[in-house]
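There are 2 protein chains.
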Amino acid sequence: MSIVEHSISHALLYPQSIALLGVSDDPGKTGGRPLQFLRNSGYAGKIYPINPNRSQVQGEKAWPSLSALPEVPEHVFILSPTDTVVPAVKESAQLGVKLVTILAAGFSESGEEGVQREKELRDIAASTGIRILGPSSLGVVNPSNGLVLTANAAFAEPGVPKGKLFVASHSGSMIGALVSRGKARGVGFAGLVSVGSEVDLCVGDICLSTLDDPAIEGYVLFLESLRHGDKLKAFALEAARRGKPVIAYKLGRSSAAAEMAATHTGALAGEDDIADAFLKDLGMVRVEMLETLFEVLPLAQGVAKSGLRQKNIGVVATTGGGAAMVVDQLSMRGVTVQSLSDETQRKLKEAQIPGTAGRILDLTLAGTKYEVMKKALQIMLEAPEFDMVVAVVGSSARLHPELAVRPIMEFINADKPLAVMLVPDAPEALSTLTQAGIPCFRTPETCADAIAAVLARRELSESANAIVPDIGDAHALSEAQAYEVLDKLQVPHADYATFPLSADGATLPFDYPVVAKICSAHIPHKTEVGGVVLGIQDPAQLSQAFATLRSNLRQKAPNAMCGQVLIQPMLKGMTEVLVGYRIDPDAGPIIMLAAGGIWAEVMRDRSIRLAPVSVDTAREMIADVKMLKTVTGLRGKPNGDLEALAQAISNLSMLALKPELKVREAEVNPMLVLVEGHGVLAVDALVMQAR
Amino acid sequence: MSIVEHSISHALLYPQSIALLGVSDDPGKTGGRPLQFLRNSGYAGKIYPINPNRSQVQGEKAWPSLSALPEVPEHVFILSPTDTVVPAVKESAQLGVKLVTILAAGFSESGEEGVQREKELRDIAASTGIRILGPSSLGVVNPSNGLVLTANAAFAEPGVPKGKLFVASHSGSMIGALVSRGKARGVGFAGLVSVGSEVDLCVGDICLSTLDDPAIEGYVLFLESLRHGDKLKAFALEAARRGKPVIAYKLGRSSAAAEMAATHTGALAGEDDIADAFLKDLGMVRVEMLETLFEVLPLAQGVAKSGLRQKNIGVVATTGGGAAMVVDQLSMRGVTVQSLSDETQRKLKEAQIPGTAGRILDLTLAGTKYEVMKKALQIMLEAPEFDMVVAVVGSSARLHPELAVRPIMEFINADKPLAVMLVPDAPEALSTLTQAGIPCFRTPETCADAIAAVLARRELSESANAIVPDIGDAHALSEAQAYEVLDKLQVPHADYATFPLSADGATLPFDYPVVAKICSAHIPHKTEVGGVVLGIQDPAQLSQAFATLRSNLRQKAPNAMCGQVLIQPMLKGMTEVLVGYRIDPDAGPIIMLAAGGIWAEVMRDRSIRLAPVSVDTAREMIADVKMLKTVTGLRGKPNGDLEALAQAISNLSMLALKPELKVREAEVNPMLVLVEGHGVLAVDALVMQAR
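Line by line, the protein sequences give chains Z and D.
Those letters in the first sequence? Residues 204 to 894, per my numbering, in order.
Those letters in the second sequence? Residues 204 to 894, per my numbering, in order.
Don't take each hint at face value.
Stated by the list, open to error - What follows is a set of in silico ranges between Cβ atoms, one per label pair, in the way DEER data are often shown:
{"no.": "1", "chain 1": "D", "residue 1": "612", "chain 2": "Z", "residue 2": "361", "range": "27 to 35 Å"}
{"no.": "2", "chain 1": "D", "residue 1": "634", "chain 2": "Z", "residue 2": "554", "range": "42 to 50 Å"}
{"no.": "3", "chain 1": "D", "residue 1": "574", "chain 2": "Z", "residue 2": "364", "range": "33 to 41 Å"}
{"no.": "4", "chain 1": "D", "residue 1": "704", "chain 2": "Z", "residue 2": "738", "range": "18 to 26 Å"}
{"no.": "5", "chain 1": "Z", "residue 1": "827", "chain 2": "D", "residue 2": "561", "range": "29 to 37 Å"}
{"no.": "6", "chain 1": "D", "residue 1": "836", "chain 2": "Z", "residue 2": "827", "range": "26 to 34 Å"}
{"no.": "7", "chain 1": "Z", "residue 1": "827", "chain 2": "D", "residue 2": "863", "range": "44 to 52 Å"}
Claimed, not checked - Below 27 Å or equal to it, Euclidean Cα-Cα: the simulated BS3-like pairs (lysine-lysine) are:
{"no.": "8", "chain 1": "Z", "residue 1": "775", "chain 2": "D", "residue 2": "829"}
{"no.": "9", "chain 1": "Z", "residue 1": "577", "chain 2": "D", "residue 2": "232"}
{"no.": "10", "chain 1": "Z", "residue 1": "572", "chain 2": "D", "residue 2": "232"}
{"no.": "11", "chain 1": "Z", "residue 1": "775", "chain 2": "D", "residue 2": "832"}
{"no.": "12", "chain 1": "D", "residue 1": "775", "chain 2": "Z", "residue 2": "832"}
{"no.": "13", "chain 1": "Z", "residue 1": "829", "chain 2": "D", "residue 2": "386"}
{"no.": "14", "chain 1": "Z", "residue 1": "829", "chain 2": "D", "residue 2": "832"}
{"no.": "15", "chain 1": "Z", "residue 1": "386", "chain 2": "D", "residue 2": "832"}
{"no.": "16", "chain 1": "D", "residue 1": "829", "chain 2": "Z", "residue 2": "832"}
{"no.": "17", "chain 1": "Z", "residue 1": "301", "chain 2": "Z", "residue 2": "434"}
{"no.": "18", "chain 1": "Z", "residue 1": "832", "chain 2": "D", "residue 2": "832"}
{"no.": "19", "chain 1": "D", "residue 1": "552", "chain 2": "D", "residue 2": "508"}
{"no.": "20", "chain 1": "Z", "residue 1": "832", "chain 2": "Z", "residue 2": "865"}
{"no.": "21", "chain 1": "Z", "residue 1": "552", "chain 2": "Z", "residue 2": "578"}
{"no.": "22", "chain 1": "D", "residue 1": "578", "chain 2": "Z", "residue 2": "578"}
{"no.": "23", "chain 1": "Z", "residue 1": "264", "chain 2": "Z", "residue 2": "301"}
{"no.": "24", "chain 1": "Z", "residue 1": "264", "chain 2": "Z", "residue 2": "232"}
{"no.": "25", "chain 1": "Z", "residue 1": "829", "chain 2": "D", "residue 2": "840"}
{"no.": "26", "chain 1": "D", "residue 1": "483", "chain 2": "D", "residue 2": "861"}
{"no.": "27", "chain 1": "Z", "residue 1": "301", "chain 2": "Z", "residue 2": "322"}
{"no.": "28", "chain 1": "D", "residue 1": "293", "chain 2": "D", "residue 2": "508"}
{"no.": "29", "chain 1": "Z", "residue 1": "832", "chain 2": "D", "residue 2": "483"}
{"no.": "30", "chain 1": "D", "residue 1": "232", "chain 2": "Z", "residue 2": "552"}
{"no.": "31", "chain 1": "Z", "residue 1": "514", "chain 2": "Z", "residue 2": "619"}
{"no.": "32", "chain 1": "Z", "residue 1": "232", "chain 2": "D", "residue 2": "578"}
{"no.": "33", "chain 1": "D", "residue 1": "232", "chain 2": "Z", "residue 2": "775"}
{"no.": "34", "chain 1": "Z", "residue 1": "508", "chain 2": "Z", "residue 2": "578"}
{"no.": "35", "chain 1": "D", "residue 1": "293", "chain 2": "D", "residue 2": "232"}
{"no.": "36", "chain 1": "Z", "residue 1": "232", "chain 2": "D", "residue 2": "577"}
{"no.": "37", "chain 1": "Z", "residue 1": "775", "chain 2": "D", "residue 2": "840"}
{"no.": "38", "chain 1": "Z", "residue 1": "232", "chain 2": "D", "residue 2": "572"}
{"no.": "39", "chain 1": "Z", "residue 1": "840", "chain 2": "D", "residue 2": "578"}
{"no.": "40", "chain 1": "D", "residue 1": "775", "chain 2": "Z", "residue 2": "840"}
No lab work stands behind these hints: they were computed from the structure.
Even for Gly, the Cβ is constructed at its ideal location relative to N, Cα and C.
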């Protein structure tokens with residue numbers, strides 16, 4: 204059985220019949236718009252206006268109720284006020300309606316009563332199988348069949364452009380803005396959905412249901428936060444399998460905006476870098492700029508087709524100044540432009556291509572000649588040092604658009620992606636290239652944003668197979684128990700020995716100096732109760748340490764049950780890191796590597812991936828953490844054992860494939876990184892496990 | 204006497220007569236274009252085509268030579284090949300021509316012969332007073348009088364829009380691209396100059412000469428690198444005095460692009476953060492995005508007018524999603540959106556303004572009503588917690604542009620800057636607002652870029668008065684001599700004592716442990732010759748240290764004359780920084796604060812300003828260096844003495860006001876930061892001083 208539920212997408216985008224419940228007689232009012240818009244756009248299905256108070260609305264027959272209709276409508280848009288919504292959904296479900304869309308707000312974002320209403324909606328959906336879009340949904344638009352089923356005022360303007368992009372947006376107002384901007388950029392849509400507050404259908408469900416729609420070639424997600432990650436993941440994996448790019452614009456990169464999104468929708472906004480790892484690890488293309496949304500699809504398709512693995516960009520230009528802007532913007536995003544190889548320069552010379560070749564190939568004015576540009580592009584696209592080529596076209600793109608784009612059009616089926624950036628305002632060239640499906644960009648910034656985004660998109664990670672166990676309450680393990688979990692995962696930790704708290708001393712299996720720590724599942728934060736004694740040099744000090752721990756515990760945690768003391772050698776690494784695994788409520792299992800100590804507080808110097816990760820991916824994470832460059836042999840110091848760290852990260856992340864361990868969270872902090880060849884050692888660990 | 208040389212700007216932008224030397228008969232050729240363009244654009248001055256080989260060009264009488272003309276032309280555009288340029292300039296000078304523009308390339312960027320040619324040009328200019336634009340200049344355009352004196356093919360298109368912006372560009376091809384983009388955005392120009400390789404007239408000269416032109420309200424500088432900083436500084440200071448904003452787009456933020464700019468022009472590209480400090484300290488508005496160039500002027504004017512000192516932004520919106528995009532982009536650039544105060548919320552409530560108020564004021568659809576938006580803007584603009592207000596307007600900006608902009612137009616003369624971001628594509632509203640001079644933005648990114656740029660622009664710093672002494676060769680001082688310079692500046696350093704290298708020991712004025720260092724003007728890098736012995740605990744070890752230093756010096760620097768050993772107490776601070784002053788060849792005197800130790804290598808964690816700086820500015824520099832957050836009382840540690848550091852930075856920077864010290868460079872590395880109240884101490888210093 205396919206995981207794609209066609210019935211949802213049918214009722215959503217191709218309904219045969221629609222009921223407009225509570226439609227207003229005034230087409231200027233929010234509740235009156237959908238009827239007017241549907242009529243104006245020539246929607247050919249059956250429309251049933253329902254208004255118990257009027258026999259006519261907007262000049263049409265109005266029905267008194269859903270049950271009075273001559274047929275069961277496929278899709279009901281509930282336009283009536285909040286307090287009428289639950290009965291309306293109930294009635295729809297009883298009649299066998301497949302999908303209702305709810306315009307009203309006033310659910311979980313607005314207090315206890317709203318939470319109760321939302322629960323009722325969920326119960327109805329669960330018990331009857333009816334699907335719900337919203338609440339707070341401004342509706343659905345499908346330009347291919349005139350389905351302008353929306354209360355968004357922007358759709359008063361006729362002529363939503365048809366095209367390849369399907370949009371699912373948390374923000375209802377944005378679907379109108381996106382249409383206007385797409386129109387201006389010559390980009391059209393295969394559907395737009397305002398998903399609202401996702402009581403039932405969420406972004407993932409909706410997009411997944413449309414995956415068999417041949418009109419849809421790519422997805423644009425306008426996200427206020429990461430919600431319903433499991434559904435989004437299922438969609439992203441299936442979209443990747445089908446080669447349909449998923450482009451994401453996510454708000455909340457800053458805490459200020461995250462806070463706004465939270466207020467706006469009632470959802471809790473997670474941390475952006477977790478969402479970022481989620482999007483990229485699931486192969487989505489996360490762009491940073493609004494207008495990149497309309498420009499990146501052909502490039503994302505080209506990259507998916509070419510199976511691009513490396514990130515070496517070649518640039519050919521007719522204007523050095525224009526090219527420098529693109530190179531600059533790329534570099535600022537961490538994408539390096541590759542210089543031309545000697546061999547490529549030789550070939551260009553042989554072909555008598557004029558211009559200067561170095562970091563980029565600058566053809567200057569000669570590049571405006573068809574033969575020169577064509578030959579230059581051919582040599583650049585064939586050069587093994589490049590995985591993608593960017594052509595930066597100057598004034599000819601505006602003055603002679605046909606001439607300027609012709610050599611580029613020759614490479615429409617090139618094996619490598621070819622992107623075009625137009626330096627002047629050049630609407631004709633832009634339109635021709637866009638219509639031909641050639642990646643082309645209006646500004647150096649969207650060009651660089653798009654390239655950086657398609658390169659940052661990761662191949663579907665190992666995390667595709669992660670299992671999210673159903674963990675209810677979890678409790679902390681003692682440090683010794685935590686090390687037992689690490690042992691199962693082959694994550695190295697320091698030697699230790701445990702002794703009763705009541706002991707006066709101990710014979711140790713390792714040398715002094717040592718550290719003595721309270722070891723209890725009830726005291727996860729040992730230092731807060733004075734539960735750690737450092738730098739114990741000899742048996743006498745050890746005996747004193749036992750006494751100190753007993754005394755501190757009596758004072759600061761008299762109720763905590765603690766029977767054990769854990770003793771470890773005092774160790775010092777070249778540096779310290781934090782390695783943490785957890786099941787994030789939105790993103791699922793994640794693994795994090797962070798700079799240790801005061802670094803972590805000062806800089807947000809950390810790298811996150813969906814778990815599990817391979818050793819290769821763990822190496823990428825290590826490269827992400829800037830602080831770890833301090834142990835890469837700088838200033839004559841030895842290297843840290845980063846290979847062992849990579850192995851340990853990967854091993855810890857395997858918790859995502861071991862649901863039987865029932866671990867919700869496992870944090871090694873600190874993990875000591877020793878000199879190369881000496882490995883890494885966890886010297887403290889906290890594990891949260893289901894009972 | 205005014206520092207503005209009107210004769211340059213007159214010959215440049217308003218010449219009465221022009222000679223086109225070497226003009227081609229073919230208007231399609233580069234050398235034929237200026238004649239065609241001037242004719243097409245209706246330039247009313249006298250044009251003298253000069254071509255020794257033809258009696259006619261493009262249907263006009265051609266003159267055989269400059270000296271054959273009936274008058275001395277005000278401006279000569281030399282279109283002939285490189286090898287004819289020097290004689291042509293010489294002849295022009297002899298005739299009394301005020302300004303020549305040189306199209307040809309082939310000067311200092313192309314080998315020794317070119318360097319020689321360039322020198323000849325400089326000599327002619329110096330000895331005769333003729334001014335030279337170029338070489339490699341594509342010419343000059345002034346849309347107000349039809350002066351399309353350019354070989355840039357883009358100007359084949361008629362109708363360069365008239366307006367307020369004057370453009371000076373290192374890249375000649377970009378002036379065409381800028382015109383087309385300005386046209387598309389409804390922004391016009393008061394002049395455009397392709398400055399080429401600046402043999403004589405540079406960006407600063409050219410712009411300075413135009414400052415009295417009432418048509419010019421703002422400057423756009425398209426810079427490939429920072430060159431002729433002294434002239435740019437003179438211009439920037441004078442422009443600031445007159446309230447004419449200077450907007451800069453500078454390439455080379457990345458090393459790749461910097462390298463390209465260098466190849467392109469033959470100039471050496473400096474480090475971008477020095478250029479950045481230069482631009483911002485001189486009050487220029489440095490934007491990061493190409494299209495911000497066309498949008499930022501009214502905002503920069505408003506900020507200059509309001510004398511904005513704080514950076515608190517208030518946001519009012521008709522669409523929460525749209526506003527979140529702006530907030531997000533602002534936050535990513537370090538600009539925080541200020542929440543509404545309780546008092547402001549109370550006033551809004553009192554005025555019965557609907558919507559939600561928190562981080563921003565979201566009026567939702569109600570904001571499309573004139574009265575609501577007007578009242579809301581009024582309350583926001585009057586609220587003391589905001590220094591600037593951004594209105595984010597949704598679909599109404601497209602559907603009802605007149606209605607949408609009307610309430611905003613009411614505040615055209617508000618005391619605080621009011622900026623507008625339009626969420627949909629809304630060309631009419633954009634055009635109306637642009638024409639009215641109201642800051643308005645087409646994308647959330649340019650909106651945030653512009654706001655961040657006008658806020659990053661600094662008030663004219665103390666550096667306006669810096670003096671750049673004419674320092675020829677400079678030589679290193681010994682460490683002891685360097686401390687004497689620090690003493691003059693009141694920059695604290697560790698105690699020290701010097702002894703002859705031949706000594707066997709010494710009686711110290713401070714306690715052990717100490718460090719012994721070779722002290723010689725000839726050995727600036729002591730560690731490289733084994734010239735430092737650390738951790739000397741007692742007189743016996745000190746005696747041994749003298750022997751070690753003698754032995755190391757004999758082996759590794761036998762020719763270095765070294766008669767002294769400098770002894771200092773071994774000291775340890777909470778952290779170490781580098782504080783450096785130098786006269787940068789482009790930017791002039793600068794002061795730098797950088798993280799010390801391995802941080803400096805791993806992160807480019809540093810802050811640069813033009814010198815001198817006040818203690819206040821030094822505090823800002825300290826806030827810029829992330830590593831210094833580690834000594835701000837985190838984790839219960841004491842604070843570092845950052846006040847003393849600020850004082851020391853400011854004191855060192857005063858070198859820029861003490862030309863009599865003839866210091867070219869003074870680097871304290873490391874400077875120890877002690878616990879609050881205990882100050883800072885230089886424990887090594889290197890000073891380069893003119894003989």
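Now the hints, each set against the structure:
no.	hint	in the structure
1	612(D) x 361(Z): 27 to 35 Å	holds (29 Å)
2	634(D) x 554(Z): 42 to 50 Å	holds (47 Å)
3	574(D) x 364(Z): 33 to 41 Å	holds (35 Å)
4	704(D) x 738(Z): 18 to 26 Å	violated (42 Å)
5	827(Z) x 561(D): 29 to 37 Å	holds (34 Å)
6	836(D) x 827(Z): 26 to 34 Å	holds (29 Å)
7	827(Z) x 863(D): 44 to 52 Å	holds (50 Å)
8	775(Z) x 829(D)	holds (25 Å)
9	577(Z) x 232(D)	holds (22 Å)
10	572(Z) x 232(D)	holds (14 Å)
11	775(Z) x 832(D)	holds (24 Å)
12	775(D) x 832(Z)	holds (24 Å)
13	829(Z) x 386(D)	violated (44 Å)
14	829(Z) x 832(D)	holds (17 Å)
15	386(Z) x 832(D)	violated (48 Å)
16	829(D) x 832(Z)	holds (17 Å)
17	301(Z) x 434(Z)	holds (20 Å)
18	832(Z) x 832(D)	holds (20 Å)
19	552(D) x 508(D)	violated (31 Å)
20	832(Z) x 865(Z)	violated (35 Å)
21	552(Z) x 578(Z)	holds (11 Å)
22	578(D) x 578(Z)	violated (62 Å)
23	264(Z) x 301(Z)	holds (24 Å)
24	264(Z) x 232(Z)	holds (18 Å)
25	829(Z) x 840(D)	holds (24 Å)
26	483(D) x 861(D)	holds (23 Å)
27	301(Z) x 322(Z)	holds (19 Å)
28	293(D) x 508(D)	violated (46 Å)
29	832(Z) x 483(D)	violated (31 Å)
30	232(D) x 552(Z)	holds (25 Å)
31	514(Z) x 619(Z)	holds (12 Å)
32	232(Z) x 578(D)	holds (23 Å)
33	232(D) x 775(Z)	violated (73 Å)
34	508(Z) x 578(Z)	holds (23 Å)
35	293(D) x 232(D)	holds (26 Å)
36	232(Z) x 577(D)	holds (22 Å)
37	775(Z) x 840(D)	holds (20 Å)
38	232(Z) x 572(D)	holds (14 Å)
39	840(Z) x 578(D)	violated (65 Å)
40	775(D) x 840(Z)	holds (20 Å)
Comparing the model with each earlier hint shows violations of hints 4, 13, 15, 19, 20, 22, 28, 29, 33 and 39; every other hint is respected.
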